[in-house]
Every structure is written in C-alpha cells, then in structure tokens.
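Undergrad: Taking this note's numbering, the leading residue of the sequence shown gets 135, the next gets one more, and so forth.
These are computed hints drawn from the structure, not numbers from a lab. Ideal Cβ positions, reconstructed from N, Cα and C, are used throughout, including at glycine. Hints should not be assumed to be uniformly reliable.
Derived CB-CB ranges, DEER-like [unchecked claim]: (1) 145 <-> 213: 42 to 52 Å; (2) 202 <-> 231: 40 to 50 Å; (3) 231 <-> 172: 21 to 31 Å; (4) 247 <-> 227: 25 to 35 Å; (5) 170 <-> 145: 35 to 45 Å; (6) 196 <-> 166: 31 to 41 Å.
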Amino acid sequence: MRHAANPKLIGLLQIAEVLADRACLELSAATKTCSELEAELQKLKDAHARTLAAPVDPASGAVLANLQKHHSLRRITLMQKLAAKQAVRLEKLRLAQQAEGRRQALQELISHAS
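Required output: the full structure, derived from the provided sequences and hints.
TA: Put into structure tokens, the structure is as follows:
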C-alpha cells in the first residue's frame, strides 16, 4: 500500500521548482547578455580588420590613427563589461545548479516517502 506524500514536502518541492525555474531564466538572461557582448566584440574586431586592410591615404593618416585608438578603447571597455557579465553568469550557473540539485533531492525524498 502506498502512502500519500507529505504535504509539506510537496509544498517544498513546488517552491524548489519555482526557484529552479527562476534560476534557469536568470542564467539564460545572463548567457544572452554575454553572447550579445561577444557579438559586439566580434563586430568591432571585423571593423578593425577592414580598417587595417584598406589602403592608407597619407592625408587621412591622423583620422585612421584616431579611429584605431577609438576601436582599441571601445574593445577594452567591451572586454571589461564581458568579464564582469561572465562572472555574473558563472554565479547564476552555480545558483541554477544548486536549485536544480535541491529540486531533485526533494523529488527523490518524496518518491521514497510514498
């Protein structure tokens, strides 16, 4: 004869499921942010490569040097942002894994209790 699962455990499981889902959504958002920054960095890298590949006109040398400086500064800024967002993403990943582990543990506890 099977016993009904403890209502408190069922309630805890429901909370754990909500928290795990929320953690996964936050991880997804953090991953999307990192991907967007990586795409922006790639666009900047491509633009820089096109600039370097173009024939240099001595009259526009100062403009080209200024553009390269701007690209370098923008790249540094983007890389700093990306590093910060990747740290956030790693923390979200850790939290999502913990939440999923708790959810699974509660599911197993309920399965064994019934």
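Undergrad: Indicate, hint by hint, whether the structure satisfies it.
TA: Structure-based check of all given hints:
| no. | hint | result |
| --- | --- | --- |
| 1 | 145 <-> 213: 42 to 52 Å | holds, 45 Å |
| 2 | 202 <-> 231: 40 to 50 Å | holds, 42 Å |
| 3 | 231 <-> 172: 21 to 31 Å | holds, 22 Å |
| 4 | 247 <-> 227: 25 to 35 Å | holds, 30 Å |
| 5 | 170 <-> 145: 35 to 45 Å | holds, 38 Å |
| 6 | 196 <-> 166: 31 to 41 Å | holds, 39 Å |
Violated hints are absent here; each numbered hint is respected by the structure.
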